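Participant: Could you build all of it, start to finish, from the sequences and the hints given here?
Order-wise, the sequence lines are chains P and D. Just so we're aligned, residue 1 is where the first sequence starts under my numbering, counting upward by one. Just so we're aligned, residue 1 is where the second sequence starts under my numbering, counting upward by one.
The set of hints was computed from the structure by calculation and includes no laboratory data. Since we're looking at a predicted model, the values are computed, not measured. One or more hints might be untrue.
Unchecked claim - Restraint ranges, calculated between C-beta atoms of paired labels, are given here: (1) G63(P) / K311(D): 28 to 36 Å; (2) E401(D) / G183(P): 29 to 37 Å; (3) Q545(D) / V12(P): 22 to 30 Å.
Glycine included, C-beta positions come from ideal geometry on N, C-alpha and C.
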Amino acid sequence: MIEIKNVSKSYVKGKKSVDDLNLEIKNGEIFGFLGPNGAGKTTTIRMITGILNIDEGDILIDGKSIKREPLEAKKNFGFVPDSPDMFLKLKGIEYLMFMADVYDVPQDKRKDKIEELTKKFEIYNDLNNQIQSYSHGMRQKIVICGALLAEPKNWILDEPMTGLDPKSSYDLKEMMRQHARAGKTVFFSTHILEVAEKLCDRVGIINNGKLVFVGTFDEMKQKFKENASLEDLFLEITEK
Amino acid sequence: MKKVIKLTKIFLKNSFSNMDAQMGVSTKSKSKFLLYGLLFLYFAGLIIFLSYNLLDGLIQIQQEEIFIGMILFMILGLAIVQTIFSSINILYFTKDSEYLLPLPLKPYQIILARTNVMLISEYLIIFLVGCIPLIMYGILTGAGIVYYIIMLLAVILVPILPVLLISIIVMGIMSFAKLTKNRNKFQLLATALLLVIVIALSISTSSMQDDLTNEEMAQMLVEANGTIEMIKGYIPTVDYLIEALTTNNLVTTVIEVLKTIVITAISFVVYMLIAQQIYFKGLVGNLFGGGTARTKKGIKQKEYKNSKLYKSYVGKEFKVLARNPVFLMQCLIPAILIPIIMVVITYAGLNSDGMGLEQINQMVGQMTINTFMIACIILGVIQFFTMFIYIAITAVSRDGENAVFMKYIPVPLYKQYIYKIVPNIIMYMVSIIITLGIAEYILHLPIVTLIALFVVATIIGVLQSIVMIIIDLKRPKLNWDSEYAVAKQNLNLIFPMLFSMLNIGIMIGAVALLKNINMYLGLGIVGVLYIVATVVINKYLYNNQNKLADNII
Numbered sequence: 001m002i003e004i005k006n007v008s009k010s011y012v013k014g015k016k017s018v019d020d021l022n023l024e025i026k027n028g029e030i031f032g033f034l035g036p037n038g039a040g041k042t043t044t045i046r047m048i049t050g051i052l053n054i055d056e057g058d059i060l061i062d063g064k065s066i067k068r069e070p071l072e073a074k075k076n077f078g079f080v081p082d083s084p085d086m087f088l089k090l091k092g093i094e095y096l097m098f099m100a101d102v103y104d105v106p107q108d109k110r111k112d113k114i115e116e117l118t119k120k121f122e123i124y125n126d127l128n129n130q131i132q133s134y135s136h137g138m139r140q141k142i143v144i145c146g147a148l149l150a151e152p153k154n155w156i157l158d159e160p161m162t163g164l165d166p167k168s169s170y171d172l173k174e175m176m177r178q179h180a181r182a183g184k185t186v187f188f189s190t191h192i193l194e195v196a197e198k199l200c201d202r203v204g205i206i207n208n209g210k211l212v213f214v215g216t217f218d219e220m221k222q223k224f225k226e227n228a229s230l231e232d233l234f235l236e237i238t239e240k
Numbered sequence: 001m002k003k004v005i006k007l008t009k010i011f012l013k014n015s016f017s018n019m020d021a022q023m024g025v026s027t028k029s030k031s032k033f034l035l036y037g038l039l040f041l042y043f044a045g046l047i048i049f050l051s052y053n054l055l056d057g058l059i060q061i062q063q064e065e066i067f068i069g070m071i072l073f074m075i076l077g078l079a080i081v082q083t084i085f086s087s088i089n090i091l092y093f094t095k096d097s098e099y100l101l102p103l104p105l106k107p108y109q110i111i112l113a114r115t116n117v118m119l120i121s122e123y124l125i126i127f128l129v130g131c132i133p134l135i136m137y138g139i140l141t142g143a144g145i146v147y148y149i150i151m152l153l154a155v156i157l158v159p160i161l162p163v164l165l166i167s168i169i170v171m172g173i174m175s176f177a178k179l180t181k182n183r184n185k186f187q188l189l190a191t192a193l194l195l196v197i198v199i200a201l202s203i204s205t206s207s208m209q210d211d212l213t214n215e216e217m218a219q220m221l222v223e224a225n226g227t228i229e230m231i232k233g234y235i236p237t238v239d240y241l242i243e244a245l246t247t248n249n250l251v252t253t254v255i256e257v258l259k260t261i262v263i264t265a266i267s268f269v270v271y272m273l274i275a276q277q278i279y280f281k282g283l284v285g286n287l288f289g290g291g292t293a294r295t296k297k298g299i300k301q302k303e304y305k306n307s308k309l310y311k312s313y314v315g316k317e318f319k320v321l322a323r324n325p326v327f328l329m330q331c332l333i334p335a336i337l338i339p340i341i342m343v344v345i346t347y348a349g350l351n352s353d354g355m356g357l358e359q360i361n362q363m364v365g366q367m368t369i370n371t372f373m374i375a376c377i378i379l380g381v382i383q384f385f386t387m388f389i390y391i392a393i394t395a396v397s398r399d400g401e402n403a404v405f406m407k408y409i410p411v412p413l414y415k416q417y418i419y420k421i422v423p424n425i426i427m428y429m430v431s432i433i434i435t436l437g438i439a440e441y442i443l444h445l446p447i448v449t450l451i452a453l454f455v456v457a458t459i460i461g462v463l464q465s466i467v468m469i470i471i472d473l474k475r476p477k478l479n480w481d482s483e484y485a486v487a488k489q490n491l492n493l494i495f496p497m498l499f500s501m502l503n504i505g506i507m508i509g510a511v512a513l514l515k516n517i518n519m520y521l522g523l524g525i526v527g528v529l530y531i532v533a534t535v536v537i538n539k540y541l542y543n544n545q546n547k548l549a550d551n552i553i
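Facilitator: This is how it looks when you write it as structure tokens:
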């Protein structure tokens with residue numbers, strides 16, 4: 001479970017990039033975080049993951065504060081950043097083993113987990129190559145494998161579908177559903193509205209640092225125009 | 001030509017683009033410029049101090065002209081070392097090459113612009129290190145305006161030939177790039193091959209042997225004299241310029257300068273002709289050729305073995321350093337190569353002045369210097385050799401935008417900082433061992449002295465590593481397109497040099513303050529001072545571990 005409580009962040013004095021954000025992503029939920037460019041999505045994700053300090057408020061990951069107990073909180077999530085160009089000079093297997101060492105994945109689980117994930121994403125046969133030789137999509141897959149290796153309860157994914165081929169995209173969405181069905185949490189940002197519509201239990205829309213909508217798509221339609229497309233709704237909410 | 005100038009500007013701007021940000025031009029610029037001004041003054045002051053003492057001694061024995069040769073050969077040495085480390089990166093491993101090829105540019109324009117970048121990057125340091133001592137020479141010998149004009153020409157002209165020569169060797173090696181199936185391995189192989197060629201050129205026909213007697217060593221040095229002859233053979237312009245700067249005859253000066261200009265100009269034309277034939281073969285091969293080799297499928301059981309986090313983390317740092325040709329050349333190799341190259345060049349230089357190992361031993365024996373002074377000189381030499389170890393000063397910047405990784409993994413930041421500087425400490429120790437090995441070979445120091453020196457130098461190495469990662473954390477260079485921008489064209493790289501210069505100053509101060517002290521006691525005092533400094537600075541790193549990471553976003 002991820003709890004965001006009264007969180008604010010400013011880069012420039014007097015201008016809040018994220019303004020008094022309150023959100024609760026419950027266990028068993030897939031939550032989509034939407035918003036136009038520069039709305040505050042990445043800033044929020046960076047605060048959740050401890051990359052950015054929080055000016056006001058707090059964020060709890062399974063009850064652990066990212067401010068006060070950062071190491072404990074960080075153990076409770078797996079994060080996929082928006083850029084998959086990580087440690088390009090390492091071989092795929094070296095990267096995964098490094099991540100396994102960082103997250104203390106038990107010796108007896110490593111082999112099975114790595115094989116399961118990399119075979120699912122069809123990169124098992126490339127694990128002996130340096131990540132540098134991978135395509136963008138393959139890099140995205142290896143980073144996802146690295147984040148999921150320790151079986152974290154909370155998944156935080158920044159634009160995870162970017163660069164994935166249709167099958168991998170489908171597989172990842174399936175994995176997200178399975179993860180949520182197991183009572184765990186998925187929080188992801190996306191620009192692809194169709195993905196959000198089909199996959200998410202709830203969505204949050206942020207604009208100019210403020211959360212302008214939280215709820216299901218049905219609730220969104222009820223609140224705004226009943227017969228409008230998702231795209232129209234999104235534009236209406238964010239261009240107000 | 002306009003396009004060449006524009007292209008050169010763009011390459012330079014691209015490389016140095018973050019420097020304004022690093023210098024903090026917008027905020028607190030006055031105090032920062034003051035700081036840089038003071039640092040420059042300290043650095044320049046140290047060069048003036050060393051030059052003055054050396055020149056003063058030489059003038060007393062009426063051998064001041066040797067000084068000109070020494071400085072010009074030092075510029076030559078610096079140009080060779082810098083070109084070895086930068087040419088392959090500037091010519092082949094910069095990402096912008098991929099965007100350049102489709103543009104309507106003529107091959108010679110790209111080659112000229114790349115060569116300009118190499119030269120301009122070298123002039124930055126060569127002007128500082130070369131001009132100040134040569135100006136000192138002019139002042140102390142009461143030279144006229146002609147001397148200063150020729151001096152400026154010499155500093156500009158000397159680095160050109162080594163840059164052209166080494167670039168052509170690099171292009172020759174890299175033109176095979178398109179034939180290779182595994183580009184990464186080839187890049188490393190090419191780097192290694194270049195180093196071997198240059199070391200072979202330096203050592204010439206001499207081969208290092210164990211258990212050499214002094215006579216044999218002297219004989220070896222006579223043979224090594226071939227190195228200087230060989231360098232003169234390839235780079236004859238240095239000799240002409242020495243003549244031009246030391247003669248009192250204006251006609252001779254003009255002739256020698258003209259000879260230098262003509263040879264440099266002809267070399268440039270030949271270089272351009274050859275480069276146009278071979279440069280693009282290698283560039284295209286390096287960018288697009290071959291692809292990756294077929295690798296084994298499946299993972300062996302042992303590859304799943306877990307290891308302790310520190311081993312895994314430090315191993316990751318070493319892999320990233322060793323597998324990236326730019327980082328390998330700029331961060332890892334200098335620790336080993338610079339002591340060797342510097343010693344070979346110094347040997348060759350001394351030998352060309354008629355000095356062999358026995359003479360050096362005799363000279364040291366005759367000098368009225370105590371053992372503490374010798375120990376401090378050795379520590380100073382170690383500082384000189386380690387000023388180009390850039391592992392800690394780029395520890396965070398090397399990760400680029402992915403440095404944020406450090407902040408979201410469940411590992412304390414302090415631990416990660418320490419893991420990141422371990423390679424710096426290890427390579428620093430390698431450099432110390434090589435330098436002490438050479439010192440032992442020349443001066444036959446007792447083992448206890450060597451151990452004491454090793455311990456003190458290692459403490460300085462630990463302090464250097466911690467200070468450098470703090471500087472990198474405070475002024476990280478995370479937005480870069482080419483690794484070269486981090487490992488070479490990065491303003492932070494001046495700090496290891498300044499740190500070494502500061503330590504050389506401390507050594508000079510220690511010798512002045514503790515004149516007749518027992519060597520071990522003296523080293524003990526110096527060691528304790530550095531331990532205290534290390535503990536204090538480490539405490540700062542620990543206490544501010546989170547705040548220091550604020551710039552990693």
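Participant: All hints, please: hold or fail.
Facilitator: Hint check results:
Hint check: G63(P) to K311(D), Cβ distance near 32 Å, so the stated range 28 to 36 Å holds. Look at E401(D) against G183(P): about 34 Å separates their beta carbons, and that is inside 29 to 37 Å. Taking the beta carbon of each, Q545(D) and V12(P) are about 26 Å apart, inside 22 to 30 Å as hinted.
The structure meets every hint from the earlier list without exception.
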